[in-house]
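Top line first, the protein sequences correspond to chains L and S. Here the first sequence is numbered in my numbering, starting from 1 and rising by one per residue. Here the second sequence is numbered in my numbering, starting from 1 and rising by one per residue.
Worth flagging that the hints you see were computed from the coordinates, not collected in a lab. Heads up, some of the hints might be wrong.
Derived lysine-lysine pairs resembling DSS-like cross-links, with alpha carbons at most 30 Å apart [stated by the list, open to error]:
#1 K42/S to K116/L
#2 K116/L to K116/S
#3 K191/L to K235/L
Number of protein chains: 2
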Amino acid sequence: MNFADKLIQAVKIKGNPICVGLDPRLEQIPAQIISKANEGEKNTKEAAAEALKAFNKGIIDAVADLVPCVKPQIAFYEQYGWAGFKVYEETCAYAQEKGLLVIADAKRNDIGSTAKGYAGAFLGKVPLFGGEVAGLDADALTVNAYLGWDGVKPFAQVCRDEDKGIFILVKTSNISSGDLQDQELLVGKDKMQVYELMAHFVDSWGADLIGESGYSSIGAVVGATYPQQAKVLRKMMPHAIFLVPGYGAQGGEAEDVKPCFNEDGLGAIVNSSRGIIFAYENDEKYGPENYADAARDAVVRMKEDLRF
Amino acid sequence: MNFADKLIQAVKIKGNPICVGLDPRLEQIPAQIISKANEGEKNTKEAAAEALKAFNKGIIDAVADLVPCVKPQIAFYEQYGWAGFKVYEETCAYAQEKGLLVIADAKRNDIGSTAKGYAGAFLGKVPLFGGEVAGLDADALTVNAYLGWDGVKPFAQVCRDEDKGIFILVKTSNISSGDLQDQELLVGKDKMQVYELMAHFVDSWGADLIGESGYSSIGAVVGATYPQQAKVLRKMMPHAIFLVPGYGAQGGEAEDVKPCFNEDGLGAIVNSSRGIIFAYENDEKYGPENYADAARDAVVRMKEDLRF
Numbered sequence: 001m002n003f004a005d006k007l008i009q010a011v012k013i014k015g016n017p018i019c020v021g022l023d024p025r026l027e028q029i030p031a032q033i034i035s036k037a038n039e040g041e042k043n044t045k046e047a048a049a050e051a052l053k054a055f056n057k058g059i060i061d062a063v064a065d066l067v068p069c070v071k072p073q074i075a076f077y078e079q080y081g082w083a084g085f086k087v088y089e090e091t092c093a094y095a096q097e098k099g100l101l102v103i104a105d106a107k108r109n110d111i112g113s114t115a116k117g118y119a120g121a122f123l124g125k126v127p128l129f130g131g132e133v134a135g136l137d138a139d140a141l142t143v144n145a146y147l148g149w150d151g152v153k154p155f156a157q158v159c160r161d162e163d164k165g166i167f168i169l170v171k172t173s174n175i176s177s178g179d180l181q182d183q184e185l186l187v188g189k190d191k192m193q194v195y196e197l198m199a200h201f202v203d204s205w206g207a208d209l210i211g212e213s214g215y216s217s218i219g220a221v222v223g224a225t226y227p228q229q230a231k232v233l234r235k236m237m238p239h240a241i242f243l244v245p246g247y248g249a250q251g252g253e254a255e256d257v258k259p260c261f262n263e264d265g266l267g268a269i270v271n272s273s274r275g276i277i278f279a280y281e282n283d284e285k286y287g288p289e290n291y292a293d294a295a296r297d298a299v300v301r302m303k304e305d306l307r308f
Numbered sequence: 001m002n003f004a005d006k007l008i009q010a011v012k013i014k015g016n017p018i019c020v021g022l023d024p025r026l027e028q029i030p031a032q033i034i035s036k037a038n039e040g041e042k043n044t045k046e047a048a049a050e051a052l053k054a055f056n057k058g059i060i061d062a063v064a065d066l067v068p069c070v071k072p073q074i075a076f077y078e079q080y081g082w083a084g085f086k087v088y089e090e091t092c093a094y095a096q097e098k099g100l101l102v103i104a105d106a107k108r109n110d111i112g113s114t115a116k117g118y119a120g121a122f123l124g125k126v127p128l129f130g131g132e133v134a135g136l137d138a139d140a141l142t143v144n145a146y147l148g149w150d151g152v153k154p155f156a157q158v159c160r161d162e163d164k165g166i167f168i169l170v171k172t173s174n175i176s177s178g179d180l181q182d183q184e185l186l187v188g189k190d191k192m193q194v195y196e197l198m199a200h201f202v203d204s205w206g207a208d209l210i211g212e213s214g215y216s217s218i219g220a221v222v223g224a225t226y227p228q229q230a231k232v233l234r235k236m237m238p239h240a241i242f243l244v245p246g247y248g249a250q251g252g253e254a255e256d257v258k259p260c261f262n263e264d265g266l267g268a269i270v271n272s273s274r275g276i277i278f279a280y281e282n283d284e285k286y287g288p289e290n291y292a293d294a295a296r297d298a299v300v301r302m303k304e305d306l307r308f
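Taking the hints into account, I'd like the entire structure generated from these sequences.
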């Protein structure tokens with residue numbers, strides 16, 4: 001079963017399109033986890049990484065039966081060097097053990113020969129003394145396609161070979177996304193925005209990776225903060241699954257993510273990070289010791305909110 | 001002294017603008033290093049990472065007195081998971097100990113709050129139990145600016161605070177770089193290519209980070225494979241240092257990199273990876289045991305080649 005079919009199936013089984021963003025910020029991790037991970041006040045990066053790991057496990061345990069997927073953002077782990085990278089690997093593996101699909105949010109990009117390295121590192125196999133071994137083995141990866149097709153091709157190849165997926169940045173959720181993405185292009189006689197050209201690429205590059213669900217393993221990142229653009233993009237990429245950041249803490253609401261879905265009620269997964277994993281900070285009902293319950297309840301509320 | 005001044009000074013002292021790309025491919029590492037790193041044929045990722053480290057040390061020792069900087073490409077390390085990431089950190093630190101400036105080639109990019117995480121991870125400080133500690137602490141980082149200014153701003157901030165640098169992808173060296181980068185934009189009444197708009201951004205974003213050398217700590221990646229475009233870009237970004245990939249193995253020649261330099265003979269560093277670090281494969285004069293000598297001689301030849 002290809003990645004798109006696996007993701008659509010998981011969305012149907014769980015009955016919602018929620019992706020939990022695992023973006024652990026050390027400053028916001030509950031004190032009981034910090035004091036245990038940093039026993040003896042070693043104040044090392046390894047201790048910080050341990051705290052991220054324990055925190056993530058609590059979140060994953062609390063939401064695994066509810067949602068189809070998680071999206072750990074690697075910057076929050078790379079901060080702590082190799083120890084953080086190790087916890088990134090462990091977080092991905094733990095989430096998969098619990099039945100979740102894992103979207104590695106790393107926005108990797110490079111020329112072909114190097115992109116091949118990233119593709120192996122995150123989704124495929126890596127060379128090992130004449131043989132091969134699995135890399136980090138996430139289910140999908142976010143990719144920045146500023147370099148064009150030959151920088152995307154190695155990822156597309158591993159999608160095919162290993163039933164993995166990628167989500168290409170099309171229209172991102174941040175305020176400055178328009179600096180480049182909203183600029184107007186002259187393509188032949190047509191005028192289109194840069195994000196529309198990128199959408200055209202996604203549609204074209206993903207055409208031969210469409211599964212039985214009708215969706216392709218090459219998806220698109222489309223921010224919840226730009227509903228008008230999402231409406232246009234939905235039509236331009238009928239087979240792409242949208243990975244939608246920007247709901248919740250970044251300001252996107254249920255009404256804003258609606259245009260990201262197709263008429264079949266599918267075709268998008270909606271990410272929330274801070275709004276779920278640090279939900280305990282926003283409601284006095286929960287103390288830090290109940291951060292996982294708070295996250296679970298936040299998912300339940302988000303599920304209700306998205307029932308349109 | 002800001003990053004640009006440090007780099008220009010190093011180029012003047014070493015008398016050449018060469019950047020050695022540390023892109024170690026396990027399959028091409030000499031047998032004596034492989035057999036030592038993989039003693040007992042454990043065939044683990046840790047053993048692979050050990051081989052990369054030993055190989056890199058040999059290269060760094062051989063070229064440290066000759067060149068101003070090195071550029072380790074992180075994909076080749078991330079392949080081996082946390083062990084690879086650890087060797088990436090160790091490689092950067094070792095090169096700095098030997099007096100080299102280190103450009104982390106990781107092409108990171110994200111929305112502001114996440115970009116801040118990457119900026120700390122690679123160039124600045126990261127939060128640690130109420131305090132702060134240095135991250136990987138490279139001298140500069142490559143950045144992909146598809147997300148616009150708010151995704152670049154945290155990197156610019158750390159450039160200012162910590163005397164670090166970034167190189168933003170403008171016109172990359174790969175064959176498909178034109179898919180997006182060569183498209184024609186209508187900006188107001190002006191027509192310009194996407195890479196020209198990016199050049200405008202680089203010039204503008206870097207304007208308040210210009211050092212005494214006249215160069216800015218915000219530089220640009222401009223491929224040696226596109227000399228015509230480089231000529232235009234050189235005029236558009238007079239204060240930017242160009243990081244020029246694509247010389248050597250990718251096909252760029254000395255004549256092609258000329259347009260990347262200003263009339264002062266400065267303003268660009270030229271990267272070569274495979275052509276230097278695996279030079280031993282291209283000349284029977286060297287055996288695998290003399291890979292470091294071969295790399296040193298390749299640098300000397302490149303230095304001659306670039307003396308225009």
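Do the hints match the structure? See the list:
A distance of roughly 25 Å separates the Cα atoms of K42/S and K116/L; the hinted pair therefore holds under the 30 Å criterion. A hinted pair counts as satisfied when its Cα atoms are at most 30 Å apart, and K116/L with K116/S qualifies at roughly 27 Å. This hinted pair checks out: K191/L and K235/L have alpha carbons roughly 17 Å apart, not beyond 30 Å.
Checked against the numbered hints above, the structure breaks none of them.
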